[in-house]
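Asker: All chains, please: the whole structure from these sequences, using the hints.
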Amino acid sequence: MTTEVDMSAWHLEPELIRRYVAGAVGPELAASAEAHLMACAACRAALASHVDSGRAATIWADVVDRVDAPRPSLVERALVRLGVSEATARLVAATPTLRGPWLAAITGVLAFAAVAAQSDERWLRMFLVAAPLAPLAGVAVAFTSGLDPTREIGLATPYPGLRLLLIRTTAVLAVTVPVALAAGLALPGPAWLAAVWLLPAAGLTSAALALTGRLRPVLAVGVIAVGWVAVTTPTILEGKTGAFGGGAQLGWLGLAVGGVLWLTAGRHTVMMRLGRNS
Amino acid sequence: MTSTPSDPRDDAALVAAVADGDRAAFEVLYQRHLPWLLVRLGRRCSLPDLVDEVVQDTFVAVWRSARRWDGRGEVAAWIWGIGIRRLVDALRQRPRPTTELVEFDGHETSAEDHVLLGVQYGDVGAALASLSPELRAVVQATVLDGLTTREAARLLGIPPGTVKTRMMRARAQLRERLA
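Protein chains in written order, with the numbering used here: chain D, -10 to 267; chain V, 1016 to 1194.
No wet-lab data here; the hints were simulated from the structure. Nothing here was measured: the structure is a model prediction, and the numbers come from that model. Don't take each hint at face value.
[Stated by the list, open to error] Listed next, with one range per pair, are the computed distances between beta-carbon atoms: (1) 1107(V) <-> 220(D): 57 to 63 Å; (2) 1107(V) <-> 170(D): 38 to 44 Å; (3) 31(D) <-> 1163(V): 27 to 33 Å; (4) 8(D) <-> 1177(V): 43 to 49 Å; (5) 1096(V) <-> 31(D): 28 to 34 Å; (6) 1023(V) <-> 97(D): 53 to 59 Å.
Every residue gets a Cβ at the ideal spot worked out from N, C-alpha and C, and that includes glycine.
Answerer: Structure representation (structure tokens):
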């Protein structure tokens, strides 16, 4: 640093600073002034008096606002980038199912089922029973009052209950279905095995949502899940896959569509049910 | 925000404090570095609103990335590096103004005068002055502002290839003048 001595001795003249701020000096002089400003705190301080303090205060207020605002999560920022509105993105990001532990749990259960299916054909068939439960469980978790961080805000906000239900459910399905599909593709059986549970899952989810007009979401999902396991497990263990046959698939599709129609018809009661303690 | 507290800490200490979430240190840093940044960026962009936005972005970035400052060199240079890149990004996202400059109220000496001056004094500043405004803008953006070719191209609104050729020509001319 041989220039240290020179730098402390030499300073920009007040007149030059004034003209530089006003944009009245040529490029060479400006470049030399800027180079000196980078290294000289005294000249930077001398320049400060030429800058409008109102402008500085306005920018500072904006900076503080942004620094104080909580940073949106990665999921939220990604959704906003994809064109989702900020409010909806926040709603989706706050869904408990989409948080690490729950996602990990669902993935873990399905991975276990897929691994178990490698060893025994009965387990392979049981995977078909378990797979539709993953989205269902996700939906249930999304509306469990103790787990939903936005529940109290949700109760106080005049926001359509049906819309909330559908946004959350869509988000849950968008995450859990690919996980279950991936697990299905790891199965030793034929490829259709990986996809054959999709329509039953849609039907079950839709039925559970339809029931939220009558029951609390968690209870609705519980009823549907228990019913599904109770009906399919015995037949599956006997080796019959009737619940996944061609005719049954049409039935599941019908249930899915019917559930959505029922839900739309009873949309005014959804909000009340979501608001009840569970 | 009305008074300017004189903090005994130097810039490097302030950045270290900001990295630990010290809001008071951040405010002192802002007061010290906002004015020159505003003026310097203002010389590179004629839209005051955009400059304000870029400066705001820059200080938010300073707050968030203070722990990533490597502690070498001037804090001012680090802030400038963030600011000029934010400006380049902001200009890229915004359509170029289509209004032409019809009046120029400063006075620009002719190219011949520049050349004569350069020959007369033969120093770097005058050699720089002898360059045409196009070449000088490229030297300014790359050498003095520290931008990459690509960034300079965005700032000046010309293709990167043009920046390279202009830089080559500028270098050749400067070498000739300073020889």
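Asker: None of the hints should be skipped; say for each whether it holds.
Answerer: How the hints compare with the structure:
{"no.": "1", "hint": "1107(V) <-> 220(D): 57 to 63 Å", "verdict": "holds (59 Å)"}
{"no.": "2", "hint": "1107(V) <-> 170(D): 38 to 44 Å", "verdict": "holds (39 Å)"}
{"no.": "3", "hint": "31(D) <-> 1163(V): 27 to 33 Å", "verdict": "holds (31 Å)"}
{"no.": "4", "hint": "8(D) <-> 1177(V): 43 to 49 Å", "verdict": "violated (31 Å)"}
{"no.": "5", "hint": "1096(V) <-> 31(D): 28 to 34 Å", "verdict": "violated (22 Å)"}
{"no.": "6", "hint": "1023(V) <-> 97(D): 53 to 59 Å", "verdict": "holds (56 Å)"}
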